[in-house]
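Engineer: Let's have the full structure, built from the sequences with the hints guiding it.
2 protein chains.
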Amino acid sequence: MRVLVIGGDGYCGWATALYLSNRGHDVAILDSLVRRHWDAQLQVNTLTPIAPIQQRLQRWHDLTGKTIDLFIGDICDYSFLINSLQQFKPDAIVHFGEQRSAPFSMIDREHAVLTQSNNVIGNLNILYAIKEELPDCHLVKLGTMGEYGTPNIDIEEGYITIEHNGRKDTLPYPKQPGSFYHLSKVHDSHNIQFACKVWGLRATDLNQGIVYGVLTEETGMDELLINRLDYDGVFGTALNRFCIQAAIGHPLTVYGAGGQTRGLLDIRDTVRCIEIAVNNPAEAGEFRVFNQFTELFSIADLAHKVKEAGAAIGLKVEINSIDNPRVELEEHYFNAKNTKLIDLGLQPHYLSDSLLDSLLNFATKYKGRVDANEILPKVKWK
Amino acid sequence: MRVLVIGGDGYCGWATALYLSNRGHDVAILDSLVRRHWDAQLQVNTLTPIAPIQQRLQRWHDLTGKTIDLFIGDICDYSFLINSLQQFKPDAIVHFGEQRSAPFSMIDREHAVLTQSNNVIGNLNILYAIKEELPDCHLVKLGTMGEYGTPNIDIEEGYITIEHNGRKDTLPYPKQPGSFYHLSKVHDSHNIQFACKVWGLRATDLNQGIVYGVLTEETGMDELLINRLDYDGVFGTALNRFCIQAAIGHPLTVYGAGGQTRGLLDIRDTVRCIEIAVNNPAEAGEFRVFNQFTELFSIADLAHKVKEAGAAIGLKVEINSIDNPRVELEEHYFNAKNTKLIDLGLQPHYLSDSLLDSLLNFATKYKGRVDANEILPKVKWK
Chain A
75 MRVLVIGGDG YCGWATALYL SNRGHDVAIL DSLVRRHWDA QLQVNTLTPI
125 APIQQRLQRW HDLTGKTIDL FIGDICDYSF LINSLQQFKP DAIVHFGEQR
175 SAPFSMIDRE HAVLTQSNNV IGNLNILYAI KEELPDCHLV KLGTMGEYGT
225 PNIDIEEGYI TIEHNGRKDT LPYPKQPGSF YHLSKVHDSH NIQFACKVWG
275 LRATDLNQGI VYGVLTEETG MDELLINRLD YDGVFGTALN RFCIQAAIGH
325 PLTVYGAGGQ TRGLLDIRDT VRCIEIAVNN PAEAGEFRVF NQFTELFSIA
375 DLAHKVKEAG AAIGLKVEIN SIDNPRVELE EHYFNAKNTK LIDLGLQPHY
425 LSDSLLDSLL NFATKYKGRV DANEILPKVK WK
Chain B
75 MRVLVIGGDG YCGWATALYL SNRGHDVAIL DSLVRRHWDA QLQVNTLTPI
125 APIQQRLQRW HDLTGKTIDL FIGDICDYSF LINSLQQFKP DAIVHFGEQR
175 SAPFSMIDRE HAVLTQSNNV IGNLNILYAI KEELPDCHLV KLGTMGEYGT
225 PNIDIEEGYI TIEHNGRKDT LPYPKQPGSF YHLSKVHDSH NIQFACKVWG
275 LRATDLNQGI VYGVLTEETG MDELLINRLD YDGVFGTALN RFCIQAAIGH
325 PLTVYGAGGQ TRGLLDIRDT VRCIEIAVNN PAEAGEFRVF NQFTELFSIA
375 DLAHKVKEAG AAIGLKVEIN SIDNPRVELE EHYFNAKNTK LIDLGLQPHY
425 LSDSLLDSLL NFATKYKGRV DANEILPKVK WK
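As they're listed, the protein sequences go chains A and B. Read left to right, the first sequence gives residues 75 to 456 (the working numbering). Read left to right, the second sequence gives residues 75 to 456 (the working numbering).
Treat the hints as calculated values from the structure; they're not laboratory data. Heads up, none of these hints are tricks.
Heads up, simulated PhoX-like pairs for lysine-lysine below, C-alpha to C-alpha not over 25 Å straight-line:
id, chain 1, residue 1, chain 2, residue 2
1, B, K456, A, K271
2, B, K205, A, K454
3, B, K163, A, K456
4, B, K271, A, K452
5, B, K452, A, K205
6, B, K454, A, K271
7, A, K454, B, K271
Partial list, computed: chain A residues near chain B (C-beta under 7 Å):
id, residue
8, S191
9, L198
10, N226
11, V272
From a predicted model like this one, the values you see are computed outputs, not experimental measurements. Backbone N, C-alpha and C define an ideal beta-carbon position, used for all residues, glycine too.
Structural biologist: As structure tokens, this is what we get:
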């Protein structure tokens, strides 16, 4: 399969591009590199020293003999996008190319507008480009479990059958996103569903949970292939962030009561889920939604697991509940379904002591690069 | 009350601004006048000769002694928006200032992007402006009944209580919008709901049906106060369009089978609904949704009513079913609730022979201005 990974220079995108290439797919990366620019603007940095994309790809070629094409540009620039698609002619587009941080979107009005216009318009451009140039191309779009919020009923995969006043219909699952970033993904989902219905496009929306881990078989092959790992208050996510905090002796920052329950998955499962979606395309006209996570944990659970794993390797780990910068329920019902990817063959890597051990050791290796000023969350929702 | 009507130079906005002014509110209009510009670009025009906004307002002042302030500019320009709010200090903002045509949004990629970026970013700017400058100001936002699509269950007002696997929650009603325009309103609704939750803003989302009629007490006072009336394939809407077609002897253009059922209301009820919402503000933190229509009709019903009313005044009216340019169900269940505005005191003007008679006569008066080339729909959804 010819697979274009949009946002292939990012955390999930990079791991995915290498994995798909290693599995024998013809892969190209399209990326504007703006994620590195945002790091620079916010004066934050990945824990790991990531090489420029061109060096990464050269090293991949040298190691494996495989070539990954590179298109550097912005999908909000439609003519660039069209030209790239005409050159590469993908069978599937994996779309990671969005601003993906909730705190980033809540910094101020400019960042909220940037997030929604960048994400919504980029995605609209992809929909039109597929319609105009490659109507059979399968769009594999990264959504987020955060689209659902925390309803008091079970979360289904994209749709829910509702009985109401003696009648019944299966409708899009109601969305209660918790930031302007999460909202942008909800907007995307609605736009994609419409394009599938009206133009017969085929799309899979992957409502992904929180991804943890850093090593995949491919990114672990060489220092120049190393993946990014974010720990700062804007781009860092739970679990990865906790492991880095543990490594440098910073108390783990649990927001509020820590009863927030979320779906999580190992980055080695992210790349596998993408391949499963690519290998099993949606039908023409179908808007398919998979919930892409393997386990549910509360934030407090995660902190305790990191504390225990840290103790086992001699790290003294404290847990601090800090004022929640977000507006979210800290105790709530949460039961989300995730059978569709399993049914298609996903064999999860469940969170294990060995993964935590490996991640803690990895974080320790690079702890000299940590800027302690960037650890605490500075962006408030209110 | 001090009420800022954004989009106050448009069809609903103009009638609303004058009505609120006449009822004793302090009214200002904020408008970029881009609606007139789009008419020029598409080479279409209102049936009625509308005066420039400055002349309209001067005439209103001369006739009634009442002053309506005018702010000309674009809400996507945040500093202009903030400056206008700081000057006028509204108690309520009525937000009509969006691209409001479904066919316009479906012309091509550029018009889809224009519609979503204009509407979503303009609305985001308003949310931030209220938060920063006037946190108590009540946002009265025009949504559309088209946000709901045509589900096979009853349509509630914004929220639905769902029982699922033995648990229960009241969630946002699932949305199935039918164009990039309708999608933009769904995006707005999600963004507003979030702003109410996180910042404690107060907002009312008015999911309005198809508006018909042209005369209100105020716009009928003088030729210079006349309201716009669109009949073209892009901005014309069912019923108004049918009356104009009948007046000039053009067959009524029913799309497909005509079984599409929609909520409709008289423009004299639009202005009253807005006043009801303004006079009964939402609570701080409340995102309130009212379905703003008074009756349900199928498109075929409307065509038959116009045919009969035309016959009564000597017009020979034909009805033509034309290929449906849209992608929509032409026969479907549709039962939408609309009790909230009635409970707050709305006394509907139901569709009557006298209204149709008056609208047909009005259309006949201006029929010399019709460009017959602009009647048929040229924009296709597929």
